[in-house]
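Starting from the structure of chain A, add chain B where the hints point.
Residues per chain are reported as follows:
Number of protein chains: 2
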Amino acid sequence: MLRLDTRFLPGFSEELKAHAPLLLEAREALLAKRGQKGAMLGWMDLPEDTETLREIRRFREQNPWVEDFVLLGIGGSALGPKALEAAFADSGVRFHYVDHVEPEPIRKLLQSLNPHKTLVNAVSKSGATAETLAGLLLFLDWLKAHLGEAWRRHLVVTTDPKGGALRALAGREGLRAFAIPEEVGGRFSVLSPVGLLPLAFAGADLDALLMGARKANEQALAPLEESLPLKTALLHHLHRHLPIAVFMVYSERLRYLPAWFVQLHDESLGKRDQEGRRVGTTALPALGPQDQHAQVQLFREGPLDKLLTLVIPESPVEDLPLPPVGELPEAGYLFGKTLFRLLKAEAEATYQALAEAGQRVYALYLSEVSPYTIGWLLQHLMWQTAFLGELWGVNAFDQPGVELGKRLTRAFLEGEG
Amino acid sequence: MLRLDTRFLPGFSEELKAHAPLLLEAREALLAKRGQKGAMLGWMDLPEDTETLREIRRFREQNPWVEDFVLLGIGGSALGPKALEAAFADSGVRFHYVDHVEPEPIRKLLQSLNPHKTLVNAVSKSGATAETLAGLLLFLDWLKAHLGEAWRRHLVVTTDPKGGALRALAGREGLRAFAIPEEVGGRFSVLSPVGLLPLAFAGADLDALLMGARKANEQALAPLEESLPLKTALLHHLHRHLPIAVFMVYSERLRYLPAWFVQLHDESLGKRDQEGRRVGTTALPALGPQDQHAQVQLFREGPLDKLLTLVIPESPVEDLPLPPVGELPEAGYLFGKTLFRLLKAEAEATYQALAEAGQRVYALYLSEVSPYTIGWLLQHLMWQTAFLGELWGVNAFDQPGVELGKRLTRAFLEGEG
Chain A
5 MLRLDTRFLP
15 GFSEELKAHA
25 PLLLEAREAL
35 LAKRGQKGAM
45 LGWMDLPEDT
55 ETLREIRRFR
65 EQNPWVEDFV
75 LLGIGGSALG
85 PKALEAAFAD
95 SGVRFHYVDH
105 VEPEPIRKLL
115 QSLNPHKTLV
125 NAVSKSGATA
135 ETLAGLLLFL
145 DWLKAHLGEA
155 WRRHLVVTTD
165 PKGGALRALA
175 GREGLRAFAI
185 PEEVGGRFSV
195 LSPVGLLPLA
205 FAGADLDALL
215 MGARKANEQA
225 LAPLEESLPL
235 KTALLHHLHR
245 HLPIAVFMVY
255 SERLRYLPAW
265 FVQLHDESLG
275 KRDQEGRRVG
285 TTALPALGPQ
295 DQHAQVQLFR
305 EGPLDKLLTL
315 VIPESPVEDL
325 PLPPVGELPE
335 AGYLFGKTLF
345 RLLKAEAEAT
355 YQALAEAGQR
365 VYALYLSEVS
375 PYTIGWLLQH
385 LMWQTAFLGE
395 LWGVNAFDQP
405 GVELGKRLTR
415 AFLEGEG
Chain B
5 MLRLDTRFLP
15 GFSEELKAHA
25 PLLLEAREAL
35 LAKRGQKGAM
45 LGWMDLPEDT
55 ETLREIRRFR
65 EQNPWVEDFV
75 LLGIGGSALG
85 PKALEAAFAD
95 SGVRFHYVDH
105 VEPEPIRKLL
115 QSLNPHKTLV
125 NAVSKSGATA
135 ETLAGLLLFL
145 DWLKAHLGEA
155 WRRHLVVTTD
165 PKGGALRALA
175 GREGLRAFAI
185 PEEVGGRFSV
195 LSPVGLLPLA
205 FAGADLDALL
215 MGARKANEQA
225 LAPLEESLPL
235 KTALLHHLHR
245 HLPIAVFMVY
255 SERLRYLPAW
265 FVQLHDESLG
275 KRDQEGRRVG
285 TTALPALGPQ
295 DQHAQVQLFR
305 EGPLDKLLTL
315 VIPESPVEDL
325 PLPPVGELPE
335 AGYLFGKTLF
345 RLLKAEAEAT
355 YQALAEAGQR
365 VYALYLSEVS
375 PYTIGWLLQH
385 LMWQTAFLGE
395 LWGVNAFDQP
405 GVELGKRLTR
415 AFLEGEG
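Protein chains in written order, with my numbering: chain A, 5 to 421; chain B, 5 to 421.
So that you can see chain A by itself, here it is in the shape it has in the complex (with noise of 0.2 angstroms):
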């Protein structure tokens, strides 16, 4: 279950309504182009794929033997997986993210790995990265070392259908691939074999995930009283003046989630738009509690530049009661209490405590921190965000602005010797 609650922003069902036209709008404008090639709108229907669930289910247990799982992909090819499986893993499998190019740590990985007990998951949709492509001449070539012709067996692509360089390799060396659908971009893929098949081996519950995520399309296409993301959509929308976007959420097995969020936000919505203005808020990732001890204070007394979200859970899993330790009698307020109690009541206290303070704020209760309610809270920040692209005059779902950088790397890297 997921819940809005927007109880320190008092005049927001007017706004709802005020707004009604506007936000039916954008919704069918943005329908309007499912289907269309190269509208990128094929995450919309990945929560539906249960053939390539089945298929990476198959995959998973014909190989059982894996031990580590290294994942070679940057960006939306790791964000998501790293995510969730930080949240749900279950199986002792080892996750391993080669998301970088800095030598020591790849180093150290290859000396710590077992290559016969390795898969090794290099993740790019255009094949082209030149950063996973860097970590796979590494990967491939310590397989070989180690492994002979049994390499191919401990390397599986996740890339596009058709092109790019690891669509080549597979079909040249008959490795094992699985496909991003070619409607789907990096930053909405989670939901695709760059997440499922990773989370697979990780023993997270897919069927619990996938369900969730159909909950949030339904709430997308329902009626706007019960519209999730075009509510929230409008939060931001009416705040798009607030330079920062605070997403602060009160799990420490999400604690990889804003991360996922901060691209997803930021990736899509910082833009020029049709009439060259720059758009997009800036996402700023926290934790609770542990951001109650770093950027609550300058949430608290400094600039009332932020509109935050709060990310809060309503019950745990499975609680632990503080025991009454009688060597410490100064915690004896905690005695009795549980450790979960505690938590909500820091959450509560910091979203009342913002509000006091003049921020703008909003919570998402989960009702608990599963793979159903996570799968819909990732699906309905797609949505939200698809939306905004809407509502600011910009395309969500490319990145023009990152080419620059990526021609100036070349450019340094052939130029220097």
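Note that these hints are calculated values from the structure, not bench results. From the three backbone atoms N, C-alpha and C, an ideal C-beta is built for every residue, glycine too. All clues stand as given, with none of them false.
Listed next, the in silico DSS-like pairs over lysine-lysine satisfying Cα-Cα at most 25 angstroms (straight line):
no. : chain 1 : residue 1 : chain 2 : residue 2
1   : A       : 37        : A       : 219
2   : A       : 341       : B       : 148
3   : B       : 410       : A       : 341
4   : A       : 37        : A       : 166
5   : A       : 341       : B       : 112
6   : B       : 41        : B       : 166
Label-pair ranges, simulated between beta-carbon atoms:
no. : chain 1 : residue 1 : chain 2 : residue 2 : range
7   : B       : 280       : A       : 116       : 51 to 57 angstroms
8   : A       : 36        : B       : 418       : 50 to 56 angstroms
9   : A       : 322       : B       : 410       : 26 to 32 angstroms
10  : A       : 40        : B       : 11        : 43 to 49 angstroms
11  : B       : 175       : A       : 322       : 32 to 38 angstroms
12  : B       : 410       : A       : 52        : 45 to 51 angstroms
Only chain B this time, still in chain A's reference frame:
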């Protein structure tokens, strides 16, 4: 070696001359408080404290049995040790940070640890941090249940020299206790036992760390032209109208450094000034190259509302050449290059692309990522922050804005049943 580069901010040397009186006055005002009770400037002296370092080393040598190190602490008690341990751990001791209060991960951790091989370090300046006390109840109970009277050897506290619950516990039970000097606050405590104790168990080179920090002290007090912290403080001062201060680090080993900086900057400077005005800029954590695929689109095409600091290493400690792998001719442009060269090319390309987009950006170059350069960088950033406190008219060493949250937490905790 730490080096400031302002090539894309051409007017900076004139600005430095024009602001010389202001900067020198700020430094004088800060240094005039040195030694005053309650000024909280003890962090300036930590790099010279070799006696504490000796004690910590002795303690580490007396406890060679430790295989798992559990740090109970949050905010300034965890962010610094975590950043440095992730960068420089070399001993094989496994580190676990209980800097949260979510029941499920703590339950899992307790089940996975061998109490006979585990050292628990409870860290809180005040000794009153609710999250840390909650964790301590659980771990104390667990140690006693498994070890009986021997539990006392497995718990060490780092806290105020005299007051608070942790100091009292240590006194009553005869536990080993390390002192956070009275004049050192949490977010300035990384070079006190807060950081040094875990890092001794991690096997990091603490002499080099403190030597680097002494270099920053030297520069802080040097004539303006050589005073790196005064210069970077001025950069932030000149851009204080921009709401966002991006701190982007091109090093996977330093992946937790941005979170440490966020606390230092936000909690020190996000304040009401003497006239009651809300001041402070919001630090935004970023990593290279990961965020080229996440935030750089927004940095390039979104609003020009940021000052960006790029932290870039100039050479690797140990590089990795990219092997020419016949199976992957599409990556031919990388054959024979090294991984670090790719990293450096990406950093330089991003630096230039951000400047060309019209963002305000400067670089801090590290000769390499080592305890020496990072000790230097950390202490440099503490000086920068302290100088900014003077320039912005706020007390960089208190955190009044978090008190309401603490009171409300207690109320919610008591009230709900």
